[in-house]
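Order-wise, the sequence lines are chains H and P. Counted from 1, the first sequence has number 20 at position 20 by this note's numbering; the numbering is strictly sequential. Counted from 1, the second sequence has number 1139 at position 139 by this note's numbering; the numbering is strictly sequential.
Certain hints may be false.
As the list claims (entries may be wrong) - Taking lysine-lysine and the PhoX-like style, the derived pairs with C-alpha atoms no more than 20 Å apart in a straight line are:
hint	chain 1	residue 1	chain 2	residue 2
1	H	K227	P	K1257
2	P	K1276	P	K1257
3	H	K227	P	K1293
4	H	K250	P	K1278
5	H	K90	H	K200
6	P	K1276	P	K1252
Hints were generated in silico from the structure; no laboratory data involved.
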Amino acid sequence: MKILTLVRQVPDAEARVKISGGHVDLEGATLVIDGMDEYGVEEALRLRESGAAVEEIVALAVGPKRVEDALRTALAMGVDRAIHVETEEKLDPIALSRIVAQVAQAEGAGLILVGGQEADWDSQALGAATAERLGWPQLTWTNELKVEGDALTGRHDVDDGNESFRATLPAVVTTQQGLNEPRYPTLPNIMKAKRKELRKDALDTYGAAPTVRVVSSEIQTRARLNKMIDGKDPQAAAAELLDLLRNEAKVIA
Amino acid sequence: MILIVAEHSGGQLAKSTLEMVTAARESGREGPITVLVLGQGTADVATAAAGVADQVLVADLPALAQYNAELWAAATTQIAQEGEAHTVIIGGSRSGREFAPRVAVRLDAPYLEDAIGLKTSGEALQAQRYTYLARVTETVEAEAPVIVVSVKPGSFAPAQATGAAGEQYDVELDLPAPRVEVTGRSVEKSSRVALTEADVIVSGGRGVGSSENFTAYVEGLADRIGAGVGATRAVVDAGWRPYAEQVGQTGKTVQPKAYVALGVSGAVQHLSGMGKSKYIVAINKDAEAPIFKVADYGIVGDVNQIVPALIEAARK
Ligand SMILES: Cc1cc2nc3c(=O)[nH]c(=O)nc-3n(C[C@H](O)[C@H](O)[C@H](O)COP(=O)(O)OP(=O)(O)OC[C@H]3O[C@@H](n4cnc5c(N)ncnc54)[C@H](O)[C@@H]3O)c2cc1C
Ligand SMILES: Cc1cc2nc3c(=O)[nH]c(=O)nc-3n(C[C@H](O)[C@H](O)[C@H](O)COP(=O)(O)OP(=O)(O)OC[C@H]3O[C@@H](n4cnc5c(N)ncnc54)[C@H](O)[C@@H]3O)c2cc1C
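Sequences are here, hints too, so could you generate the full structure?
The following block contains the structure:
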């Protein structure tokens, strides 16, 4: 079985987000591989190490030149080779799923691992959209995964708790925090990764065009009252807070 | 028509469905508001939906007893096509955001995900949504014969019944066989008011100290003032509280009238789930904790001393 694992590049959670010209400006922000995608890369490596018949692990990214760095991180973690569909176009998940599905087919992938939720946009759409294009089942918010032959079993979170599942490959699995602890690339592996294949594809061979347009972005801050109460006298502080909640904010009876 | 896929649980219509009806009304899209009810034993759900919608389509079938992404996608797509829907609105729950992209692919439609606002602009449908851990509000738009939207829970006011009851119709569906077999289920039950529906939430972080303290302080205060209970990821990871109570980027997004954070540092991933609360209250012993930057009322102090005093004072 071949595993395709998707990789995105996102700003570090603590990065300062600026808006210029009505759009998010990432100039100067530290960009890293999306944590949710690291779980996918790690899980692919663990499946191979645990003895599942994994022929090859391929990482895929779509985006501008700089996303190469995220692919190099995946290669240094242990992925065999990488494909970079290079474009400046901002593609929505429905459009992106066209590319992912075509790559999966061309590669003969049996399992696709996708980040469960974007660290930046919070989108959860790409996994499901890709599964639909391929006519495959999908498992989202996965905490536990096992592959034996073409049987896929594990556990995942649902609206009101969690479920154990069984499905048959091929399938799309989306990750979740807690699935595993991603490894750090070691220096020798970072060196080795430089020699691994990183193929460049042009976007136009995939026929994917955006269907959703970003009109504008703004940073909204709500002015907060910032009333601070000294807690040295707990009884007085408690009484003052309750009074504010009852009579100023009027949120409790 | 505007097609809304109802969310319901335990035989009751969920508040999120009423919110989707408001989203539909505010969207400026024309045509009857139609609610599709998928499930088994959904008579009460359909009746409640008829109170707010122009019409209700009901598929009350044993095959739909359990949510499954492929079944829900197939059913929604079929009804959207037969009814020539130009707008399909789906809930922003985990399951909603799991099957909505499938519907979009099947209908060859653009997908506006996790909308907090909807309006028509010319021929386009515009949605607002949060990005970058809810620090940025983005306006996106799509123009197409049919558009799929998912709606973030808690972002629209629940629709009020109009007095007139919409017609109910049974529909027939061609359903695929489910391919994911559920071999076990564990449901996290909470006897309290659902987090996403609570007017006031008392939430605890690692600073509360222990699972026992959480029960005494966070639950104790919540019970005293009639609030829901939330927790940070640190607390959930420590096993003090169930995941169902986690607030934040990878937990629930809440927007109560008041959010009371006890021993919570205010990490960006937590703020992204509660930063839109009307009033934020923080109690933390560290005056520099980031939570105070977003707080309306803050007490710098030890939860072990302040919270018992609060519980005592709230008695009066
Ligand atoms: C910091 C940052 C800067 C960006 N700058 C640009 C830019 O300059 N130009 C531009 O065209 N686009 C840019 N993008 C957009 C980005 O590359 C994606 O096109 C966009 O985020 C896809 O929508 P989504 O995240 O909602 O996808 P979803 O469907 O939600 O994706 C979910 C998962 O899909 C996979 N995935 C998503 N996108 C990709 C991808 N691009 N490659 C491989 N796997 C993917 C990942 O596993 C991800 O976790 C930027 C995104 C980020 C985070
Ligand atoms: C991808 C990703 C997703 C995440 N998703 C979430 C999420 O959904 N929700 C979430 O909450 N977190 C999430 N996190 C984790 C987040 O980054 C923080 O680690 C977490 O929110 C911290 O929880 P905390 O405030 O309880 O703990 P801490 O950060 O340890 O803070 C404890 C606070 O308690 C105070 N304190 C200690 N003792 C006392 C006392 N006696 N009295 C008063 N105050 C006291 C301290 O001063 C401190 O400010 C996520 C992280 C990542 C990387």
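Going through the hints against the structure:
Distance restraint check for K227 of chain H and K1257 of chain P: the Cα-Cα separation of roughly 17 Å lies within the 20 Å cut-off, and the hinted pair is therefore satisfied. Taking the CA atoms of K1276 of chain P and K1257 of chain P, the gap is about 9 Å. The hint holds against a cut of 20 Å. In summary, the hint linking K227 of chain H to K1293 of chain P is supported, as the alpha carbons are separated by about 10 Å, within the 20 Å threshold. At roughly 11 Å between alpha-carbon atoms, K250 of chain H and K1278 of chain P fall within 20 Å of each other, so this suggested pair holds.
Pair hint K90 of chain H plus K200 of chain H holds up; C-alpha atoms about 18 Å apart against a cutoff of 20 Å. Taking the CA atoms of K1276 of chain P and K1252 of chain P, the gap is about 12 Å. The hint holds against a cut of 20 Å.
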